[in-house]
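Novice: Residue numbers (the working numbering), protein chains in the order written: chain U, 1 to 384; chain D, 1 to 384; chain E, 1 to 384; chain P, 1 to 384.
Be a bit skeptical, because a hint or two may be false.
If we take Cβ atoms under 8 Å as the criterion, some of the chain D residues that face chain U in the derived model are [as the list claims (entries may be wrong)]:
hint : residue
1    : Ser-249
2    : Ser-304
3    : Trp-378
Straight line, CA to CA, 27 Å or less: simulated BS3-like cross-link-like pairs of lysine-lysine [unchecked claim]:
hint : chain 1 : residue 1 : chain 2 : residue 2
4    : D       : Lys-4     : P       : Lys-70
5    : P       : Lys-370   : P       : Lys-100
6    : E       : Lys-370   : P       : Lys-100
None of these hints come from the bench; they were simulated from the model. Each residue gets a CB set at the ideal place from its N, CA and C atoms; glycine is no exception.
There are 4 protein chains.
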Amino acid sequence: MNRKIRIGMVGGGKDAFIGSVHRIALRLDGYYELVAGSFSSDFENSKETGNDLGLENDRIYKTYQEMAEKESTRVDGIDVVSIVTPNHLHVPIAKIFAEKGIHIICDKPIGMSSEEAINLKKVIESKKLIFALTHNYTGYPMVRHARSLVQKGDLGSLRVIQAEYPQDWLTTKAEDSGLKQAEWRTDPNRSGAGGCIGDIGTHAYNLIRFITGLEVDEISADIHTFVEGRKVDDNAQIMLRFKGGAKGSIWSSQVAVGNENNLKIRIYGENAGIEWRQEDPNYLSYTKFGSPAQNITRGSNITSDEAKNVTRIPQGHPEGYLEGFANIYSDVYKELSAKIDRQEYDKSNNCYPTIDDGIDGMKFIENVIKSSNNNSKWIQFNSN
Amino acid sequence: MNRKIRIGMVGGGKDAFIGSVHRIALRLDGYYELVAGSFSSDFENSKETGNDLGLENDRIYKTYQEMAEKESTRVDGIDVVSIVTPNHLHVPIAKIFAEKGIHIICDKPIGMSSEEAINLKKVIESKKLIFALTHNYTGYPMVRHARSLVQKGDLGSLRVIQAEYPQDWLTTKAEDSGLKQAEWRTDPNRSGAGGCIGDIGTHAYNLIRFITGLEVDEISADIHTFVEGRKVDDNAQIMLRFKGGAKGSIWSSQVAVGNENNLKIRIYGENAGIEWRQEDPNYLSYTKFGSPAQNITRGSNITSDEAKNVTRIPQGHPEGYLEGFANIYSDVYKELSAKIDRQEYDKSNNCYPTIDDGIDGMKFIENVIKSSNNNSKWIQFNSN
Amino acid sequence: MNRKIRIGMVGGGKDAFIGSVHRIALRLDGYYELVAGSFSSDFENSKETGNDLGLENDRIYKTYQEMAEKESTRVDGIDVVSIVTPNHLHVPIAKIFAEKGIHIICDKPIGMSSEEAINLKKVIESKKLIFALTHNYTGYPMVRHARSLVQKGDLGSLRVIQAEYPQDWLTTKAEDSGLKQAEWRTDPNRSGAGGCIGDIGTHAYNLIRFITGLEVDEISADIHTFVEGRKVDDNAQIMLRFKGGAKGSIWSSQVAVGNENNLKIRIYGENAGIEWRQEDPNYLSYTKFGSPAQNITRGSNITSDEAKNVTRIPQGHPEGYLEGFANIYSDVYKELSAKIDRQEYDKSNNCYPTIDDGIDGMKFIENVIKSSNNNSKWIQFNSN
Amino acid sequence: MNRKIRIGMVGGGKDAFIGSVHRIALRLDGYYELVAGSFSSDFENSKETGNDLGLENDRIYKTYQEMAEKESTRVDGIDVVSIVTPNHLHVPIAKIFAEKGIHIICDKPIGMSSEEAINLKKVIESKKLIFALTHNYTGYPMVRHARSLVQKGDLGSLRVIQAEYPQDWLTTKAEDSGLKQAEWRTDPNRSGAGGCIGDIGTHAYNLIRFITGLEVDEISADIHTFVEGRKVDDNAQIMLRFKGGAKGSIWSSQVAVGNENNLKIRIYGENAGIEWRQEDPNYLSYTKFGSPAQNITRGSNITSDEAKNVTRIPQGHPEGYLEGFANIYSDVYKELSAKIDRQEYDKSNNCYPTIDDGIDGMKFIENVIKSSNNNSKWIQFNSN
């Protein structure tokens, strides 16, 4: 392709955390050019943001509806839109851009219910669009190496999967202190029915699915709100039974003092076990039964092609969260540029999370809540 | 006291792991003298063991019954017996010695059922005996420091407690390979109905109780046997609801490849969180909400008296499992020597696990199995 | 500023490691636009590289001389050039661009001798140009926090500084295996007289200087070449005496099996000690004498403004090498954009390494070699 | 052997740190019986200590001279004496007991000069006595495993050895605060000319010699006293050239805030590298060039016989400092009991440090001081 992908953004105005992450991610490898945006419902904020980013004035839009309308008719209109608003707007926005034939990169979770996600899927499919969901932890090279170890059978038949994502930033009632991040993430009208299970539990769930490929058969959950007056859960204990017989658990919490973003996954098979931790992401601990634990480093020779493909710099020079995030954007770039150039493209190499992962994540939240509301009764995962 | 405590041992013949641990523990601080034993049902083994230990020939006994009988009538008979046999013999042996007025130190778990433990308690109480159960992890100085932090209120009201004890030594069917440890520990007739929940899950449960003082209100469990043909569970997922509103979980496994004795406990309160790991036991991670994590080291000035009392050497010189084990013995020594000397003794300083902890551990196993047999239904902990 | 800084690059063709690092660094925050380049002495390589990067054909140059000539006369010519060639070309290239009034960002070490660096400085000064040297480790937020702790006096008077930078990639004679990186870095004609002391020892030295501000008074060194036939040192033991009385050492090695890029610095003062490690760069260990070690995390509230200024994402989401590198570029951007806009600029906030650091690094290499050649005699640092 | 070894102790009265360590070490495996002592120059202290330890009154001696005299004439006299006084008394005491034919276990360093140590050796040899020096770190199982890896050639020809032993307990002038440990250890009349180099530097040096077997060819040192008024060094930078061409360094410090007993050794050969740290002693990091780092655990199957011989409990249950110390005592026991029983004994398995290690340690201290006094001139190690 002779040009960069033209991308627009909805959401991500001043003070939005995840918007600036997406912008760094799209810049990192030089594949995208941000040319349009509707960054905030407050147009002043949006204009200021757009100006700081060097956008043309006529491509900073008052509403995303206007943006979809106008960009879809320009010759040099955006190829793809990045949606980084609070959760309740994801699907409505996505739908409008999809109907205009614009591809979509959307922050997670996909929306408010599996139902609206399934409806969105119909539009995406009918328009033959790319839809990528930024479950960004799947972009870490050592996560991809973990997946390839499982796929190659190095672990043997899987038995136990333990995932956890504890944080502590909602230990006190931060939503009352003027912290915007806390406000919308604890407001069920904007974040959805799930609190910590939607915000971070879905990441843990998605990571299990991504690495192991296992499907959950039944789920039992006990979710709770520790901070008085909070409207959503801030701690979740979840037990899992996988199809094929493996067992597991997810613990996610936003009141676990001393944890920043301590996402961790451990996978045990008949022959080997692995462990990966987001806060130290360049390493994967791998133990063959009866042998010493090995510390496999990102960038080392023995890593799989799936890991090498998303490795920019040598071992010992740490890559982090932004690079992992950028990998999702760069994965999408490959398919998108082929599409634009009308070239053949082998989708089997795709690693980025899709709309199906989005629907799956919604079902996870719904099933967790259903089980918890039924005194932790085991719920069939697909029996909604 | 002018003399050492005279101690006898039942179990702990050649190749027994835990017997030699108990012997090191009783030697370490020089408070005990091992003078009698019935180390094995195989008298040849017992004689050889006793000879190696320098015992008089007439104090190496064919049966524990004979030992209880004769030692209780000698002027220089044993003050206390250490019981280190497989689980099914703990209570029968303890009863016989108790009836002869001999104090007891017993390996965990206490036996095969809460019922037999409750019966034993009656004898212990009527004879006014000391009964100590070697839940040895409670002996680690930093565990005691953790307890004192909770008791002092440094963590505030407790919210979440996550405990886990994964191992990997039963990943394959070791019980068929001639490994004695594996044989009896997977034989329900000798170890009890619980496999990994009895062998190590009880340690995790006991540690929660010891540090937090919290009582479990309800328990929900999903236990499983991964290794074909094994007669007991080798993996357990357990959710906990504590009285007062805290939540938690226990995961214990003996098929988690890469884990040796990876007992870990994390406790989160309103104001602070702590984390301790058995494989790195000289450190306690402590985080006050909003402040950097502190690495508190055993032996440092800021540790509590409860920790200092069981600290032998300065910070930076690691103590380990054997020292922790010895602390239980040395705790018992203090009360026992006072008793023998008919001196006043303030029991409030006692830290060693008692018969009540033994009964509690049995109930834990029984409730876990009951819940798991009822598709993980929440079970009232004291409703047996 | 209403436009991005226009940047050109010399060096960084296909397979060059550091060139692509610089390109990611300049993209990350969106401040620069790469518009011109002479990426290789092989013009085909250069053209291919430039095309992949989306450059206009007429701005991909055959020689850097032509590039300096033409870019300096275009209205939309480059503001700054990034020099990422082997070391021997740094100063010659820099001079030509400097003479055309183009600002410079240059990879380290600055060149082949302090003499040529001093000569370059004259040109830079006479033209009032910005010259930034990418000692990139100074860009890590926690390195900046370390510096601010020292400056604020939290450590008290400094006593001991231990720095080390071990690698293992030159354990065997990689320069004979076709590995380009190894070829030029072990060729004294291209890398300079220093092998591992120039390639990585200078980083350790620069980091000491950056964080502590201390000047070296005397230096004693024992450098050695372990791999037979290698033309430069691959291991260096260095002792340091600082002005003011502090002592220290630097160990750098490229044959230390098991070390990837294990740069580490420890600084001990009268009141406190700190430790930072490049492979785990989001954390700074800080110990006040008599208190527990604290683990200070990048992004946390207590970090200094100097650290916060170069922090993009919250604690617990790791940033790494590329972000640190980008911080140098973004530091330069601030001064450069002010210069272009003819605005006031407070240089006191500048953190990026300058030409003086380049000269200082050359003296370090020269003094190390001089001492080592004189059987480790102590050499006065400024007595060249 | 049918009886325990009878051991006496000189030094180790109330408040002495190392005396109680030796007593725990001799008790741990049940091979020794402490029956006599002269624990302090203050006879009241000595009596109290002896009584607490349950000694017969007539075997608590006023002076070590009397003790040597009387014990050597008793039928049940001590077989071996443990000397745990300040350094200046080691050799005088050892000589008196040696002349009476009593074996010796002596704390390190051996004394005040290589000359007195050489003189002592003559007596030891003429009397055919065992003399063990408690360089206790050689007793750690993973140190023994490290030695066996080097001996088996797994590392290939050795290149670089980095050892360090930083502490922080003398950061302030603790010797003026009434702390006995600090008083005598900083008093050259009692500790010898070396301060931190004698107290802990010798441990680092001894550990290098023990694991690698390499001899030092030349040594260059820069020692310093940071705390005003202190009479001995509290920081030492040392460079090493080994016979055969390897290079290395030792850093020891007692003013490095944040370090407790952070002894660490790293050894790099042509084929592999290893790393061991005293504060986490149950693990040895081992990296074959080009392969992932392995974490070898004490007690695991792959450890060498040398390690297994001194391993009491399974992997994952940490052993520590006291167990390592006890291993020296138990090593001595094996040879001593064979000697007493007049049995054959294969000395080639001995691992405990001998009088030659003591002499070597004295030469280390003397050479370090000599080099430092000569502005870090390289000193031939054996050219005294």
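Novice: Against each hint, give a clear statement of whether it holds in the structure.
Specialist: Checked hints:
At its closest, the beta carbon of Ser-249(D) sits 5 Å from a beta carbon of chain U; the interface hint therefore holds under the 8 Å criterion. Contact between Ser-304(D) and chain U, as hinted, is not supported at the beta carbon level, the nearest pair being about 19 Å apart and thus beyond 8 Å. The restraint placing Trp-378(D) at the interface with chain U holds, with a minimum CB-CB distance near 6 Å, inside the 8 Å limit. This hinted pair checks out: Lys-4(D) and Lys-70(P) have alpha carbons roughly 26 Å apart, not beyond 27 Å.
A C-alpha spacing of about 36 Å is found between Lys-370(P) and Lys-100(P), which places the hinted pair above 27 Å, so the restraint is violated. Of the pairs offered as hints, the one joining Lys-370(E) and Lys-100(P) is violated, with about 57 Å between alpha carbons and a cut-off of 27 Å exceeded.
Hints 2, 5 and 6, counting from the list given before, are not met by this structure.
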